[in-house]
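**Student:** The chain contents come next:
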Amino acid sequence: MRDTAIQVVNFSHFYGQQQSLKNLNLVIYRREILGIIGPARSGKSTFLTCLNRLNDLVPGSRVSGNILIDGQDIYQPEVEVAALRRQLGMVFATPVPLPMSIYDNVVFGPKLQGQTNRGELDRLVEDCLEKAGLWAEVKDRLKISALKLSGGQQQRLCLARVLALKPEYILLDEPTSGLDPISTMKIEDTLRLLKKDYTIILVTNNTKQAARVADRTAFFLMGELVEVNETGIIFTRPSDKRTENYIEGRFG
Amino acid sequence: MKKHFRLKPRAEQKVIQILLYMMTSVAILVLIFILAVILKNGLPQLSLEFLTTNPAHMGREGGIFSTIVTTIYLTFIALLVATPLGVGTAIYLTEYTSERVVTRIIRFGAECLAGIPSIIFGLFGFILFVNKLKFGWSILSGGLTLAFMVLPTIIRTSEEAIKSVPAAYRLASYSLGSTRWQTVTKVVLPSAAPGIATGVVLSIGRSIGETAAVIFTAGSALHLPSSIFSSGRTMSVHFYILAREGISMPKAYGTAAVLVIAILMINIITYYLMGKYISRTSPE
Chain G
1 MRDTAIQVVN FSHFYGQQQS LKNLNLVIYR REILGIIGPA RSGKSTFLTC
51 LNRLNDLVPG SRVSGNILID GQDIYQPEVE VAALRRQLGM VFATPVPLPM
101 SIYDNVVFGP KLQGQTNRGE LDRLVEDCLE KAGLWAEVKD RLKISALKLS
151 GGQQQRLCLA RVLALKPEYI LLDEPTSGLD PISTMKIEDT LRLLKKDYTI
201 ILVTNNTKQA ARVADRTAFF LMGELVEVNE TGIIFTRPSD KRTENYIEGR
251 FG
Chain V
1 MKKHFRLKPR AEQKVIQILL YMMTSVAILV LIFILAVILK NGLPQLSLEF
51 LTTNPAHMGR EGGIFSTIVT TIYLTFIALL VATPLGVGTA IYLTEYTSER
101 VVTRIIRFGA ECLAGIPSII FGLFGFILFV NKLKFGWSIL SGGLTLAFMV
151 LPTIIRTSEE AIKSVPAAYR LASYSLGSTR WQTVTKVVLP SAAPGIATGV
201 VLSIGRSIGE TAAVIFTAGS ALHLPSSIFS SGRTMSVHFY ILAREGISMP
251 KAYGTAAVLV IAILMINIIT YYLMGKYISR TSPE
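Protein chains in written order, with our numbering: chain G, 1 to 252; chain V, 1 to 284.
Pulled out of the complex, with its shape left as it was, chain V reads as follows:
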C-alpha cells in the first residue's frame, strides 16, 4: 500500500525542480519588490536640481548635493587606504609565505574582522580616529573606519583572485629571469585584476551604503565638506535621519533612489569593463 504513494523518479525530479525554482524566485522577487518601492516613491523626486543643490531646512527643502559629495569623498578615502593594504596583504599571504600557522592566523583574523557588525566599527572609529587621534567627526575619520570595514573583503577576494592565476605563469615568468616582485607585478597582478576589481566594487557598494559606521565617525553636518577634516553627511546617513526624524519622507525616498541607482550603475559598468578586460587577455 505504502509503495503505491511513492512518486516516480521522473515526477520526483520535477517536484524538486519546481521547489528549487520557487526558492530562487523568492530571492529575485524580494530584490524586485525593494527596487519597485524605492523607485516608485523616489523617482518622482529626482531632478537635476535635486542632485545639484544643497539641502535646506534640515533636508526638508532643496537637494542632496553635499551628501553626494561627502559619500564620494568617504568612499574614495576608504578605497584609497583599503585597496593597497588589502592587495598587499593578499600578495604577502599567497606569494611571499608558504602556508603555515602564521598565515592561517592572519587569514582567520581577517575572516573575523569581516564578521564584526558595522556599528562596532563605528564605535572603534569613534574611539580611535575621532577621539584618540583627534581627527574629530570628519571625512578622514569616516573614510579610515570604512577602510577597515571593507579590508577583509578586499583581502579575501584578492587572495582568491591571485590563487587562481595558473602556477605555470609564475614558472614561465621566473624562467625568463624575473624576480619575485617582477613576477607579481608583471604577471600575477594583471591576471588577477578582474578578481581584485570585483572585491573593490563590492567594497564601493558597501561603503556607499554604510550608515552605522559612518554616523559615529563622519558626523552628520549638512554643509559641503571643505577639507578631509570637515564633518559631513553621507547619502545613507541623510536618508536615515530624514526618515527617522520624520523630516521628509519624499526627500528620503529620493535619496534612497539615488543610492540604489548609483550602486546598480557601478556594478553594471564594472562588469562591462571586466568583460572587456577578460576578453582581451584570454582566448575566444
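Looking at chain G on its own, in the form it has when it is part of the complex:
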C-alpha cells in the first residue's frame, strides 16, 4: 500500500460566482512526481495555489470540500498559513527572483524564521544551490544581484530558494514554460533527483514533459479532473476519450 500524502475530497474552488475547480477527488502519494496536464484555464494552476493557500490572497476566492495534507485539513481556522506555505514550496511559471543577491534569495525563507547563524546559512546556501544544480555556476558570485542571472538560472535559484524552506512538497507551476530546451532539461534532471526526498506536483503545459518525468499524471479539463493514472497508462491507453484527444493534440 502506498503512503498517502495529500488527500483531496470533494473539493471545489470559486472566483466570485465562477467555479474554477469542480468537485475534485484525488490522492497524492508520498515521494512521487504527480504531473498535471490540461489546456489553459483548466484549473491546474488554481489547484496548486489551493494546496498552499496562496489563493487566499485573491479577492473573491472561495472553497468547499477538504484538502488533507498529512491528515490535517488545511482549510481549518487553526492552520497557520505561513507555516503551511513553507511545507509546500512553490516555483512559478516565470522566475521571480527577489531584487536582492543570490545568497539573500536563498536564505530569505530561513531568515524569516529567525535563522541567523552565518555558518549554518552558508552551508544551507551551498546545499540548496547544489541540489538545484546551480552551485557550480554561481559559487564565486553569490553576492551579485539575482536579477543578473539568465532565465534558466533564475528558475533554478527559485527552486533552491524553495528547498531552503525544507519543505515536504514542491509545487511547480509550468516551471519551464519560458525556458530554452537545455535549461528545461537541467530542471527536469533536478526534479528526478529530488523525488527521493520530496513529493512533487508538476503542472505543465507540455504533455511530453509529464511523460518524461511524472510517475503519475492527472488530466484536468474545465476545472474537472478527467482521470489520473500511472503516466505510462495515461499516455498509451487512457480510459477517457477526452484525455486521448488532448494528448494527441486534437485540442487545447
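Please keep in mind that the hints were generated in silico from the structure rather than gathered at the bench.
One should not assume that every hint holds.
Below, a list of computed lysine-lysine pairs in the DSS-like style, where the Cα atoms sit at most 25 Å apart [claimed, not checked]:
1. G:186 / G:131
2. G:186 / G:166
3. V:186 / G:143
4. G:148 / V:40
5. G:143 / V:276
6. G:196 / G:208
7. V:186 / G:111
8. G:166 / V:276
9. G:186 / G:208
10. G:148 / V:276
11. G:148 / V:163
12. G:195 / G:166
These stretches of chain G come out as covered by chain V in the derived footprint (C-beta under 8 Å, 3 or more residues) [said to hold, decoys possible]:
13. 51-57
14. 86-98
15. 102-112
Here a beta-carbon is modelled for each residue, glycine too, at the ideal position from N, C-alpha and C.
Given chain G's structure and the hints, the job is docking chain V onto it.
**Tutor:** Quick look at chain V alone, frame taken from chain G:
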C-alpha cells in the same frame, strides 16, 4: 487656392517640433535666469564667516549661522514626523485595504491637503500648536506645521512607489512563508525605497524653502535655538525679512544663494545615491 497654403506634412512636423522646443526652452531659461540673478548678487557675499557667524544688528551685519541651524532643525522635525506617517498611510492604502470608498476618501483628503495654500497651514499651526497646545512660537510648532504640509507629497509618492513594486514579488514572498508585515518590510519597502526617497527629498526642498507656514509658527527670533521650544528664524524667513524691511539686500541675496545651493546639492546627492541604489537592485 486655399489648398496652396497648406504646409507639407514634413514641414508641419518641423514647425511643431520647433514650437515645442521653444516652449521647453522657456522653462529652462526661467530657471537659468533665476539662478543667474541670485548667484550673481549672492555669491560675492558668501564666505566661511557668513556661514558660521550669527546675524548682528537685525541681520545688517554678520552671517546667517543661526538661521541655517533653525532651518535644519525644522526640516528634520518635519521629516521625522511626516515620513513615518506618510509611508505608513501609503502602506495601509496599498497593502492593507482593498480599493473601496474609504480608501478613496482618504486619498481624496490627502489630495485636498496638498492643494491648501501654505499660509493657511501657517494659520492652522498657529492656532493649534502655538496657541492651543501652548508650544509657543517654536521649532516644534514650525516643524509639526511643515510636517502636515509635506505629508500629502510623501503619501502620494510613497503610494506610487509601493504600487509600482511587481505583484510577483509579493506572491513570491508569501509563497516563501512570510506574513503580510514581513512581505512589506523585507520585499515591498526595499523595492519602493528609491521612489519613497524622491518624495522625502521633494519634501526637504519644500520645507527648506517654506516661508509663510513657518513665520507664523516658528517665529523670527535671530538667536541660536537652544531647544525645540525656542523660537527661531529660518533662512527663507530671514531672506523675507531682510528684503521686505529693506535691512540689507546684499545679505538677503547671500541668504538666497545659500538656500538655492543647498536645495540643488540635496537634489544632486539624492539622485546620485538613488542611481547607485537602483543599479544594485536591478539588472544591468
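**Student:** It remains to establish, for every hint, whether it holds in the given structure.
**Tutor:** Verification of the supplied hints:
| no. | hint | verdict |
| --- | --- | --- |
| 1 | G:186 / G:131 | 11 Å, holds |
| 2 | G:186 / G:166 | 21 Å, holds |
| 3 | V:186 / G:143 | 17 Å, holds |
| 4 | G:148 / V:40 | 48 Å, violated |
| 5 | G:143 / V:276 | 16 Å, holds |
| 6 | G:196 / G:208 | 22 Å, holds |
| 7 | V:186 / G:111 | 10 Å, holds |
| 8 | G:166 / V:276 | 35 Å, violated |
| 9 | G:186 / G:208 | 15 Å, holds |
| 10 | G:148 / V:276 | 16 Å, holds |
| 11 | G:148 / V:163 | 23 Å, holds |
| 12 | G:195 / G:166 | 14 Å, holds |
| 13 | 51-57 | holds (count 3) |
| 14 | 86-98 | holds (count 7) |
| 15 | 102-112 | holds (count 3) |
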